[in-house]
Every structure is written in C-alpha cells, then in structure tokens.
Amino acid sequence: MDKRQGIRDTKPKNGRLRVLEQRFPWLFVIVRHRQARVGLAIISVLILMALFAPVIAPGDPTEYHGVTNTPPSKEHILGTDPLGRDEFRLMVWGARVTLLVGFGTAALAMVIATVVGVVAGYFRGIVDDILMLITNLFLIIPGLVLLIVLSAYLHPGTGTVILALAFTGWAFHARIIRAMTLSLREKDFVAAAVVAGESSFSIIFRQILPNMVNLIVGGFIGTTIYGIGASTALAFLGLTKMTEISWGTNLFYAQNGNALLLGAWWAFVPSGFCVALAALALTWINFGMDEITNPRLRAERELRKALGRKFMQRVRATPVRFRER
Amino acid sequence: MDDRSTPLIDIRNLYVEYLTNRGPVRAVENVSFAVKSGEVFGLAGESACGKSTIAHAILRVLRPPAVITGGRILYKGVDVLGLERTSPEEYRNKVLGGVTRKGIGSSAELIERYRWAEVSMVFQSAMNSLNPVVKIVHQITDVLMRHLDIDRAEARRRAEELMEIVNIDKRRLEAYPHQLSGGMRQRIVIAIALALRPSLMIMDEPTTALDVVVQKDILQQIDQLKREYGFSILFITHDLSLMVEFSDRIAIMYAGEIVELAPANEILNNPLHPYTKGLLASFPSITGERVKMSGIPGAPPNLLNPPAGCRFRERCAEWTGVDIPRSPQLQEVIPDHFAACECKYGRADHA
Amino acid sequence: GEGTTTTSGPTTSATPTSAPVTTGSTETSSTVPAQSDIILNVTPAGQSATTFTYNFNPFTTTYLFPTLAGIYEPLMINNRVAGELVPWLATEYKWSDDLLTLTFTLRDGVKWSDGTDFTSADVVYTFDLLKSNPDVAGNGKVAVAEGGFVSSVTAPDPKTVEFHFSKVYTPGFYDIIAQYIVPKHVWENIADPAKDLNLKPVGTGPFTEVVVMQDQVYEVDRNPYYWMPGQPYVKGLRMPAYSGNEAVATMLVNGDVDWSGQFIANIQKAVLDNNPNVHAWWPATSVQFFAVNGTIKPFDDPVVRKAIGLCFDRNKIIQLANQGTSDPADITGLAPAGYKGWKVEDVSSLGVEDWCTYDPAKANAMLDAAGYAKGSDGVRTNKDGTPWKFELPMVNGFTDWLAIAPTLKEELEAIGFQINIVNYDPQQWFGKLFVGDFQMTMFFGLDADTPFGYYRNIMSSQTFKPVGTPTGFGQNFWRVVVPEIEPLLEKFAGTSDSAVQHEVAIEMQKVFAQNAPVIPLFTAGTFYVYSDAKVSGWANAENPFVRPMPIGQNATSEQLIQMTSWKPKE
Amino acid sequence: MPEAQMVGSSLEVRRPLLEVRHLVKRFPVGGLFGKKQLHAVTDVSFTLDRGEVVALVGESGSGKSTTARLIVRLYEPTSGEIIFDGKDILKTEPRKASLSFRGRVQMIFQDPFGSLSPNHSIGFQLERPIRIHKRARGEAAVRAKVYELLETAGLNPPEEMARKYPFELSGGQRQRVAIARALAVEPEIILADEPVSMLDVSIRMGVLNLMHRLKEERGIGFLYITHDLASARYLADRTLVMYAGHVVEAGESVDLMDNPQHPYTQLLLSAVPNPRAGLRTREVQARGEIPSLINPPPGCPFAPRCPRVMPQCRHTMPEVAQVGPDHWLRCHLFPPG
Amino acid sequence: MRFLLRRLQFYIVAFIAALVTVFYLPRLLPGDPATAILAPMGSRLTQAQIDALRKALGLGEEPLWKQFASFVSHLFRGDLGVSYSQFPTPVTDVIATSLKWTLLLGLTSLLLSVVIGHLVGIMGAWRRGGLFDTIVPPVSNFIGAFPAFFLALGVLYFLGLKLHWFPISHAADHSIPPGFTLAYIGSVLRHLAMPMLVSVLVNLQIWIMTMRNSMVVVLAEDYITMAEAKGLTQRRIMFNYAARNAILPSVTGFGIFLGSILGGQVLIEQVFSYPGLGFQLVRAVGARDYPLMGGLFLAITTGILLVNFLLDILYTYIDPRVRRQ
Ligand SMILES: Nc1ncnc2c1ncn2[C@@H]1O[C@H](COP(=O)(O)OP(=O)(O)OP(=O)(O)O)[C@@H](O)[C@H]1O
Ligand SMILES: Nc1ncnc2c1ncn2[C@@H]1O[C@H](COP(=O)(O)OP(=O)(O)OP(=O)(O)O)[C@@H](O)[C@H]1O
Ligand SMILES: [Mg+2]
Ligand SMILES: [Mg+2]
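Residue numbers (our numbering), protein chains in the order written: chain A, 1 to 325; chain B, 1001 to 1351; chain C, 2001 to 2570; chain D, 3001 to 3337; chain E, 4001 to 4325.
Be aware that one or more of the hints could be misleading.
In silico DSS-like pairs for lysine-lysine, Cα to Cα no more than 30 Å straight-line [what the hints assert, rightly or not]:
{"no.": "1", "chain 1": "E", "residue 1": "Lys4100", "chain 2": "C", "residue 2": "Lys2200"}
{"no.": "2", "chain 1": "C", "residue 1": "Lys2389", "chain 2": "C", "residue 2": "Lys2316"}
{"no.": "3", "chain 1": "E", "residue 1": "Lys4100", "chain 2": "C", "residue 2": "Lys2195"}
{"no.": "4", "chain 1": "E", "residue 1": "Lys4162", "chain 2": "C", "residue 2": "Lys2534"}
{"no.": "5", "chain 1": "D", "residue 1": "Lys3036", "chain 2": "B", "residue 2": "Lys1135"}
{"no.": "6", "chain 1": "C", "residue 1": "Lys2383", "chain 2": "C", "residue 2": "Lys2409"}
Everything labelled a hint here was simulated from the structure, so no lab data went into it.
Please model the entire structure based on the sequences and the hints provided.
Set out below in structure tokens:
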C-alpha cells in the first residue's frame, strides 16, 4: 500500500514572469517544452548561419574550385559538388534564400490570412460569404499543383516564388483566423468595447488581434515549413530562380550532376539535412504552440515529469502516490 | 467516526493534488467522511473547493495531472486506492457478496469492475457526458453488456425499461444526444447511472445547468427512485438551499477541506462554522422581510499556495486573532455535528 | 536469308564523296549474318515522358522514335562526321547542266513493310503532300512550299524522280534528300495527314512493326521486307519511358538501357565506372555560342564582339558545363565533327588574329583603344556615355548554362561590363529571343548541312528580320548582318562543283573570323551512350563511322546507319 | 394604450429616463434560403429611471440578454421604440448609437472571465472609456480617475490593481472591474446582465451590495437581469418576468413574489429551492419543455405547459391587465379592465 | 440534407471558378502562346504552316466569350482540346493514360498512410508520453521533414540500386503484357512498392499528428471520463468513444491534404519515372502546353472537389450533428 515514490514538484514562478507568460505564452512555450526548445535552438543556429554566411563561409559560394565531387577534405570540409563548388559554402549561403523564402512566404501569407480572416469574421454577412468562398477555393485547389501552373506564368525569382507560395498557402490559416475572429467577436469583452464606444478599427486592433497572436505565430511557423518545403520542391523541379544559391537549388544541381550515382553523399546530405532540420525544428516549435491552444496537452507532461513514465498503467486510473507529510 | 452501522463508503484522510507547472494545487486536503447505506450525503461549498475532485477520486477517474497523495477510500471494506493489488477473491467476498456479475479476471481489471457496477456518477457536465456520435441506446447497452452477462436483445430491453423509469419515450433510444433537450439528456445520464443498480450514486451538481422548474422535477424523480431502489447518494452542489432540501447529512467544504459536517437541519438552523454562517448569509430569501445581507468579504485562497493554518482566517468575521499552525481538525462540537474551527471550539485531541 | 556480296550495300555516285561507302557488316564476313532475337532498350533524346502518347506520323512534330530514321527513310544521308553522302533510297543523283533539274535514281528491290514495292510515285506523292497541305511538316517542305525553290516533282519512270528548280540553288539538294518518304498507297487514304496518329505505320525503314504500345513502353520490331539483306540484326527496339536525364543514368547503371541519347553529367564516374558494359562517345558536331544583340550599342562593333570572345576562359567553362567532355571552339564557329572536309584544319591559315583564346588583358586593351572608357566603377561606357549594364538571361532547365552563369558574369565584368543575371523559363526566353528582345545570351549549337546554311543563318541579310518580327529558329536573331557574306553565299548556291564550294566555304570562315557575328564558346557533343552487353557494331571514337545518337523528334537520318550496323557480340 | 402603462409607475408624472416600447427582435436562422426566424424578444415594454433597479427574470433563453443588448445597440431591433431622455434613439441614431448615448447607458456582462480583454491591464481597460468619452484630460487626471474608480468598486490598493491583468484577479474582483469600467463613463443607466451568476456564492452578495450602493449614492438606474428570483427580490424595486420572449408579469418586487398571479410566475416560484419547505412536500405542477422560439405558434407561449390552460390561450396572446397597484400581467385568466 | 445541398452549391461555384481559371489564365497573359510553342519546331516552318497550326490549336480570332462558350460546350462533350506538346493527341487521352497510375499510387499510399497514421496517432495519444509515443511520432516527424524527392532518391539508391529489392523505375515490367494476370499484378505491386513507401513516409506524420492532437482533445472530453467511469474496456473507450470522435477533424483535413499529397506525388513520379498526372503537369508547364495544363488542372481540381463532396457525405454519416443543420 505504501508507495513512497518521490513526486518531483515544480518550483512556483515569480509574479512578473507569470504576467509575461500569460500575455505572451508562445514565448514561454519554448522554454518549457523540450522539443520546442531544441527546435528554437536549431532554427536559431540556421538563421545565424544565414545571417553570418560571409563570416562563417567566406568567399563566393559559386566559385569553381577546379575539382568536382571531391569528398570532404581539409580544403573543403564538406567536399565539392558536381559543379566544383564548395559544399560547405553552398550549405551556409543556401540558408539565406531558403529561409528568406520560408519566412517571406509565411509573412506574406499570414498578412493575407489575417486580413481576410479578420475582415470576414468581423464584418460577416456578404463580405464573409464571398471571402470564405474564395478561401475555400484556395483551400481545395491543390497548392503545389497550382504553384506549378503559376510558375509557368511568372518570371522565376525569389520574389515571385514567395508571391506564389503565399498565394497558395494562406487559405488554411485565413479560415482558422476567421473562426477565431467569429468567436472572439462574440466575446463579451468585444461587446463591452462596443458599448464603451470603441471604433471597429480599434476593436480589431486592440481587442481581436492581440488575442490571436498565438494563432498567427503558429500559422507563421506552419507556413514557413510549407514555404521551405515547397520552394525546395520547386527548385528540384527547376522552377525557381536557378542561378541562386539555396538548399533547393543545391539539391537540384547535386541530382543534376548525378551525385547519387557518384556516391557523392556530401552533395546531397548537407542541404537535405538543413531542409529537414529547419522543418523539424519549426514543427517542434509548433508542438509547443499546440500546448497553448490545448492546455490538456501540458497536463500529462507535468504528471510524467513528476512521477516518471511508470504512472501509466494498463487500465487508466488516477495514480496513487503518497506524499510524506 | 460512526459506530451505528458500517458505512458503505468510508473516505479517510484523502489528499488529492494537481501537479501543474506552477507547483502542486492541493485541491483536497485531509478529507474524511463516510456515506451510509440509503442515505443522501451532501457535499456543499463554493466553486473550486474540491467537491468534484473528491467525487472523481472515488471512481479514480481524475484526469492528469491529478495524483492522489494520501488517504484511503474504503468501499465495503476494500480500498479503492489499492484495487490494483487486491486479490479477486477478496473483492468477490467483500464487495460482490452474493451478486453475480460478469466474471472477474485479474486484479488490474478490478477497477473497471468496481466502476459503475458499484459506484455510478452523474457528472457535473452531464450535458456533455454523452458521446455525441453514438446513439443513446448504445450508450446504455454498452455498460449493461460490459458488466452483466446478457445479450444484445436483453440489454436493449433493459434500456427500454430504464427509459421508462426516467420518463422518456423509449423511441428516443434511437436518437443522438444533440437531438434531445438538456433536461432529457440529464435524465438519460441518470438512467445510465441507474442501469446496474449500484450501491452508491454520485451526483455532481446534476441540475445546475437546468432551469429551476426542470431541476425541481428531476430531483423529485431521483428522490423517488432512491426510495424505490435504496441506493445511497453523494450529492454535490454549491446551492445550500437546494442541498438542505435534498440531503440527510451535509459536509461543508472550504478550500479543499471539510469545515463542517452535520445533519441537514442542524446546518440550516445551527451553523457552527463561520464559513457556513457566511454561506447561509449569501442566499437571500424568496419570502419574508427584505433584510440586508452581507455575504463573505474577500475571496477563497489560492490552492497553489494555501496559507498555513486556518484557510478561512482572512475572511473570517469571528477570527479571534489566534494563529493556529496547522489546519483546524473536525471535532464533534455537539453530537453528530462536527466543525473545524479551533479558534472557537478549541483544539481537538484526536484527528 | 542468304546473303551475297559486299557490294549489295548502297554506293554513291554523288560528287562530294570520294569513295563508295558501305554500311552494315561490310568488312568482316562475306555472308549475311543471321538475324537475332535481341531487343535493344533505347532512350532516344528529347522524348522524356513517363507515359507515352502514341504517334508515328512523320508529318507532325510530336512523333515518337524511330518514326524518322527508323520507320521512314530519306533518299540519301549526309553523314557529317564522316564527311560523306550516303545513298539510301536513292542510289544516285545528278544535276542538269543549268542546275535547274535534279534527278535521283531510286534503289532497286526496296519494298514497303506491307510488301508493296517502293516506286518513284511514292516520292512524288510525298512532296506533293508537303506542297498541298499547309499544316504538314517535313524537311523537304521548304523546297516545295510557297516561296520554295522547287516548282515541280516528276517521275519519268518508276525508278527515277526529277526535281525541277525554279532558280539555281544547289544547297536545296540537302533539303530534298532529308525528306522522309511515305507510301502513297497508304497515305492517300488518310483523311487528314496532319492529324493522323499513324499507329500502324508502313515504311521502308529497318524498324516498322509496332508490336507493343503500353503506357510506359513501346516496341518497334524489324521490317520483314527490309531492303538491306540480313538487316537489321536486332529483332526490335524497345523504348521505356523516362522522366529525365538522371533517370536514364540510373537505368544505364542498372543495365536497363542499351542505347541512349541523353546528356549524363559526370558520365565516367556516374555510369561508366558503375557498369562496364556501358560506353559513351560524344562527337562534337556543333558549337555553343554567346550571342549579343547587334542592334544595341556597343554590340554593333566587331571589336567589342571580339573582345568578348577574348574574355572567356573556355577551358574552365567546359569543365563547369560538361566536365570537360567537349573542346573550345575557334574563330570559324564550326564544329570539327560536324563539318568534316569543310572546316579549315589550321585556323591561323585564315590570317585573322585569334579572338577565341582567353586573354582578358588583350580584350581590355582592344576596348581601351576603341575608345570605350572605363568609369570609376570599372564599367565601360559607350561613346555617348551610356554605361555597359546588361542583362544576361539564364534559362531554367539548361543546366550546363546555369552552371557557367556566374563565370560568364565574372569574366564579362572583368572587361568592363556590368551584368545582371536574370532567370527565365525556357518558353519565356524563346519568346523574347527571336523577336530581338534581349541584350546578350547563350545559344546552343546550330545544325546545318553545310557551311552554306550555317553562315547564312548566322550573318546573312536573308535571314535578318527587324526587331519585333520573329526570326526563324536559330536564324540570326542576334541581328548582326555582314554584307561580305552575301556574294559568297551566292557563289556557293550557284554551283554544283564541290571543289568550288569548298573554296567558298573557307572564304566564309574568314568572313566569320573577321566579323565575329557571334562568339563561339565550345563544341557541343552529340550525347551518345551505348551498351555492348547485347550487340556490337557500335560507332565510337575508334570507329567513328557515323554520328549515332538516337533522336525522336527532329531526328537526323544518320541513326539509320547505326541501326543497320549492329552485329553479334564479340 | 394599456401596454405602455404596464410598466410605467402610475405614481410618476415626469417621463422616465429610459422607456422601451414594443421591442421586437427576430433572428434569422437556417440556411441561405431558409426564412426561419427565431423570435427572441416579442413586444417587450418597460421603463427605467435614474436611481431605480428593475429586475428582469426568467429562465434561460427567455430573451433577457437580447433585450439588454438591443438597448445598448449591440443588436438592431426588428421593431419597437427605445425612448431615452425623450428621444427615440432608434430614429435619431439609426444603425449605431452615438458616443453621447454610450456615455449615458452602459452594460455589465454576465461572464467576468469573458468581459475583460485578457491582453490589457486593468488600468488600460479603465482608461479607454475615460479617454473615448473625455471624462478626464491629461495623463495624471486620467490616472487619478482610474484609481478613484477602482476604489469605488472596492478594489484596493488601486495602484496595484491597475497594473494587474485580468487573469490575476478572482471572479469577484473581475466583476468589480467590469462595474468600474461601466462607471468610467459616468452613466445614468447600467444594464447588468446576470452580473453575479458566474460568481461564487459567497462573493455574490458583495457585488449586489455594490450595485445597491451605486444606486443609492449616485442615483444610477439598473436593469438587473437574473434568473435568480431571490436576488431580484433582494435588489430590485420592480421585477419583470419573461417567458419565451414575452414579459408575462411585472410588478413591485416583493408584491410580485409574495402574490404571483401568472401561472408561470407561480410555477417558477414553486421551483425555487426552499430549505425550510423541503423537497417532498410540494409537487411541481407543470412538465414539458420550453416551446421552440423558431416560428412559434400563435397564442400564449406558456399555454403548452400551463396547468390552467384554456382554449383561447392557444390562439390569442392575452392583453395586459392590471391586478394591483403597479402589478401587471398578461394572462387570459385576468382579462383587461 | 440541407448541409449537403449547401456544400453542393459551393462545389458548383468552385468548379466554375476552376473552369474560368483554366480558360482565361493562359489567354490573359501577354504574348502569344502560339509563337512560344511553335518557336522550337524548327526553322523549316513556314508562315503558312504556323497559321495553319494556330488554327488547329484553336487559337482563333473569335471574341473570348465565344471561345469560352465553345470551350465549355466541348468540355461537356468530354473534349478538352488538343495537347500542344503532344499534338494531335487530345488532352483527354493524355490524361487518361496517367490518371489510373496517379490514382493507384495516390490512393494506395493515402490509404496506407491514413490507416497507419491514425492507428499510431490513436495509440500515441492514448498513452501519451509512453515509450511508443516518445519514439514513433518524433521519428515520423523527422522522416517527414525531408523533402519528398530527397527520400525518394535515398530509397531509390539504397533499396533499388544497391540492394536490388525493387525495380527502380516504371509502373510495371515491360515484358509482361498488361492484364488481370497474377504476373502482371505482381509486377505492378513490386513497382509500386518504392514510390508508395516514400509517399507514405512523407505523409504519415500529417495523419499521426492530426489524429494524435485530435485524440488528445477528445480524451479530455467529459464523455470520455464518463466512459471510463462506466468501466468500459480500454479498447472500447479508445475506438468507440475516443477515436470515433477524434476522426472527425481528420475527415475534413483529408480533403484539404489531398491536394498537397498530389503535389508531393509529382516529385516521386519524377524520381521513379512513375507515370502520373503530376509529371505530366510539370512537363506541360515546361512545354507551355496550355490545353494540357488546363486539362490536368481541371482534372485534379475536379477530382479533389469530388472527393471533398464524398467526404462531406461521409461526414454527415459519421457525425450525426451536422445532419440537422
Ligand atoms: N486539471 C487541473 N489542474 C489544476 N488544478 C485543477 C485541475 N482541476 C481542478 N483543479 C483545481 O482543483 C480545485 C478543486 O476543483 P474541483 O473541480 O474539485 O472543484 P469543485 O468544488 O467541484 O468546483 P465547482 O463547484 O466549480 O465544480 C480547484 O481549485 C481547481 O482550480
Ligand atoms: N445572435 C443570435 N442569433 C440567433 N439567435 C440568438 C442570438 N442571440 C440570442 N439568440 C436566441 O435568442 C433567444 C433568447 O436569448 P437570450 O440570450 O436573450 O436569453 P437569456 O434570457 O439571456 O438566456 P440566458 O439566461 O441563458 O442568458 C435564445 O433562444 C437564443 O438562442
Ligand atoms: Mg465541480
Ligand atoms: Mg443571457
């Protein structure tokens, strides 16, 4: 009967921190959630890599080194690619365009999504009907397919890729934001603001938007993943600006130079892993974000932290762990 | 505590905590009470004082991050908190007596057998406790077929019977929950709770979401059934008027602890604990003179970091200024009437 | 069947050829080899698809391999790597003295694959079809279509065909011999020759029997009535679908392909080292060049064009573009393997200073001397002060170009340009190119039968169109006109004397070298990969008897020579 | 016009500040083509003056909140008149209410957790109405006004309270903030929509007493919406009983609850738990569900459940009848006149 | 029923929107498609020939609306025009050859990933933080983070070229005549293995995470507590109570993700030379084959609309709540 297993308790937090946490929970998620923390670390490293590319890997990434497909060596720590370019430089510099496209897409898509979602949700009626019809259309039309078709009409370039990706990637979040706006609009604090005499503009910016920061941040991260993945895929299909250095074009040239058949893993692996790492890191951060919108997700983790994994039994019943008093 | 008859369920020194990232929320602290056969035992107290937590603990269906950190819950002499380690024989002897139910396998399964067959529960959110995508009939028959050795047809027949008992047209068995009104759903849940004729039925604020008229109607029906079948009821509400109307004995909870325990009339006519008095002063009357009422100033303490000693002290009008280092213990101030107020009634010498 | 002698192969009486050429198994055995059951897997160039849509109509532009040069055959083959004219359906040709009548003698014993005899009526019918149907395509179309040079085609007897010219134009010979001949008795029953899919083709070629047509594979087996005894050696050709060059590379490694026409990057290590049966030979048959828009200053100045020619490090460029599998081009702009016999052996004999060797210092000196001053930012300006800021278009999908883009930019900037690389999709780029809406660009090798056609396309006023009007494909869209070339062209077209033509061709090369209308970069290979796992008799560097690349659309007839040369594995 | 009288106190000569006449609200429901309407409020009339508390009671869904939201123009009425200070604001201010109206009529919502914006500090939320309505000028003045409001609402110390965020407050404190916010514009009338129903029982009295104090000290008129009859009796001068969108009975609170005349009021009162009476003694007389508000049948809405139903109840809505001084109802048992 | 009618309205509007897009997009763009298409056909084309081809391609001189009307009327006769790049094959024929393979690969991999993903999601959520849950979903995230073509190339190289387990390209053996023979079906399945594996690996995480999160939400519902209190078996709670409700959001998600799955398939088709609509689309884009692009886009979109409508019907079946709306 007497199971005196220890319960590891969490330390209570000081007041100011708690206020901050309530206001910007998504900032705290990262600290608290192990996966999100690792994710943030990874993505930060990748962003720093992009920002400090000239410092980390000095020199022109397109420079031809006279040797192609050399395995990693002292001069080329990640070898050279089929075009005789230094893989390390390509990987480091490639972060710039890929991350720019990812974040750019996310920023643009979320602006569209937020505007459409909030306008539709707030003004409702015919505006809502029309905007949602468009949104649903975009939702159902396959993104990458539309993207491929669009790429036929647009001039290949970073800007157009961002534009096309944002164009195909906003709809899902617009719908979520609209739903949230609709529910927030019914909240009494919005009604209270109306009664207090606030203007629609002020209500949207002061009352509704601040409450959707979580959603917008989550959507931003999700769209970034989409942007990175889809731009890489487009590059692989040769549909982006191919003279640019990005992880996608690196992979394209590796494949184009038959690096696989040459056994030149170093031509594929660095950029491929970077894409995967970025996507994984962002996915993990979003797992953390999920816990804000769904606090139930947190509960079990706390219990596990305190009791260890053993509390789970075949039949689910509240665990009994006596505490010494 | 009680020597006249062995209680049906005996809760002793129960502790329950929710382990949150801000530290443990001590939702139930050292709570002891017993429910006798055939009695309606009321658990009253304002919101968040731990009533539902106790109810869920009895069935061990508390959700993470809840942990039971102390005490015993003896149901017919078997400790529910140790069912995993109870032998099936002991359980059969003590709990089942002569009653035949579906066979019991391992100890691990005992908790499933104990649930509903022995103690059933009408949840606080009864409206939401029906599965929205499953027809009513299946939600009734699945519990029958799980615990009784009967076939589908028989289960269905019994389901129809149950519908009759709670006064709903049996054609409604084919309905989905959303097709029924709140009152009907509530009655269905009660029907399910009655399905196995358990010895104890926990009713956690079964009527708060309902209109007063419907509420009254349902409570009368339950009362009727209780007298017919003779089960005990653990009745939970924050509405003292309703509680007094419905229960035999009442425990008043405050901030995770029981502060007063007495027969219903005693509570109404002779409240001992200042909190109980305050509570009674929070319900204006529908009859008589309009008198100014005070309520209780302040707010209940945060259970994350409850103050040491008496938890009501901050709000108490009768506080004498004495600091008591640990929580006041329940003591029998007058026969059958317990109160936990050490600064008024002195220190008890037993727990 | 029982073979007879080596002389049964086609011979030629055509003037340019010095010696009779034979094809097939000529040297070794005296008997016709027994035909085999071997099926070769072929991935022809330009036919990437994961599912096939079937079309064997030679009058469309979307037929499948081997519609041209396989199912249908031409009168003669201009075998450019060998510098020979190979008689095929016609054994002989003759010009009339006034050069206005061209007479072909057809080969005896040729049958259509349905057993019908091949006659001059079929040839006449084919050219009539081209003439009367505006929407059918064909190599001979230019001869008979409106504005063409052939006024009528007649057949005095079943074995003779006469082409009556409306003006003297001897290079027209090559347009005529390149036309694939279809059977009159089949095609006269086809309602719309431009749109028929011709799924059961009847031809004179070695492979005519389409036996398998699945989503991802089709097979064409040998013609039971093929006129060349004992040919073809293999039973059939099977064409698997492939999504692109990289897919072919893996298929080659896996042993799934025997004959292919794809560029394979790093072919040595990627494929040849991984599969010992596979070999490659990439004869240089054309030249890739760099073109500048002659209507824009300073590109109208030959000095500037030559300076650009000097600024490129061709060896580096070749490494990047194709891992060194081709050679630097020279100031004639001609590819050695494409114009054998025409091209001067020694470029210095032209007496023009070399501008195709890397020498940026010299280029700068030339430009300085010509008065293009360098600004403080290192960018030169025109005499009117406009800086040399230009856009270099790069085309997605042309990976060899994309690979050298940064180098081109760097090297051009070293002599005072400022280059902005802009990416285009191929179709966008094509659209801009031919109307003259570009400043500078890369362009791939042009094919022509002789230097006549080649230089005519490059710098003649005959192919010039004003900016805004599209030029023909690969015809002087850079809009540099060199008047000195006109009399030479006229002289070439006005004679059937090969010796005269060869002399004129050298003059033409000189004119090219003096004016640099385009800047030659490097020779472009014919991407030919084969596996000797099943058969031998493949053309290769040791035995370069033909340019053997399998091509689906816009096929050249040379592949017929390879198709009739396979023999048992040694 | 008897309906108009139904609510007005006969003793008063001068016009009350707020007068609601024949207010009707129908919500369109159903699909694109559906012409179904939900009759949330039907023909509601009453008056409310400064310094007066009028309770609006009735069970869930009877249209209490809708009535309040109509008055503060959160919803547009289908028909009816809202006469405020002698002007029909529906006519003079179509579509949206003017700032001046909003400065005089405020509302408190049921849910103290939902009516405060979680992202702004208490101080900010109190500042906004002060700034919008220019009740104070200058940073210092505004801050002083905020502190004063917090103190009035019993939130001490005000400096600390102003810095807090809603999640840091208990339910009772939040509801006090909501009241302070309503007071910020110095209104004459406050519509309180179930202001205590979400609060813990022991805290409710404090909020009710605060409202009472404001009425007494500042002469603010309250429309107190609740389903708790006892608290209506405790706080309100007059009480209106609503059923399915209709006001079925109205009168002086104590009088109404001691002598309920309408069968529905009687039923309601009988169902209120009464510890002294005990559960078993009284039978509830009526059963059945509240009728659907979507395209309801004609007649008295209570007819289906009424123990004393008569044939005419099912097709005609009864007229207003006066049964005592300041006690009115709508029931066929009490014909007008 | 009303719900379905409303949805039907939407699908009709969506279909019309797709039609208009397909028709007008190429025609709205500057430049003449004919010039671009005909340009590479060789210098031997004469002007007369170009004009004739233009006529044959349907690039007439009629006013746009008339062209649109004839486009629509042809469409309803099952005529989507003639492919430019595969002239004179009708677009419908081109689509027909690829369609069955797309469906085979798409549906089998979708089915497999949905089934596996849901099972893993259910299991993971049921024992959140358990050993299974700590290993399987993160691994699937990690794999799913890689670009589809990257995985495809890896699988092709290791399982195909190195281990020779599966054929490296195409949908069936060439030597086996197509038909309902064991040999042919076997060969189709062997060829399906690697593309399907990649498709499943790429998509698995979507379903795992959707289901897992949805399960976690549902597991917090009161009716689950009630089911537990009822002493029902764990299996029954897991599937009848939890999964059955948790699957509802996936059903809607299913329709939305369908598009992205089709997009991902493009890359897989490319690597394995697998026949399918995706590759056709990329090729059509490369060749500026507007009729084919339009036809493919229309086919894919219509397919997705259709599936979504079927899902709506399914949804009303499994969620009784929407039936009444
Ligand atoms: N999942 C949880 N995590 C943390 N704390 C919890 C959780 N569930 C309940 N609590 C806390 O436990 C205490 C008791 O809650 P419980 O639900 O038992 O109260 P109650 O008396 O039933 O209240 P009510 O009348 O509102 O139903 C409360 O302080 C509450 O905040
Ligand atoms: N915006 C709306 N659209 C459609 N119907 C509505 C809307 N608001 C309220 N209703 C309906 O109008 C009726 C009256 O609602 P109201 O909220 O006024 O009732 P109430 O008396 O305040 O109830 P409660 O005590 O539950 O707050 C209800 O049936 C409600 O469903
Ligand atoms: Mg509770
Ligand atoms: Mg309300």
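Which numbered conditions among the earlier hints are violated in the structure presented, ordered from lowest to highest?
As far as the earlier hints go, not one is violated by this structure.
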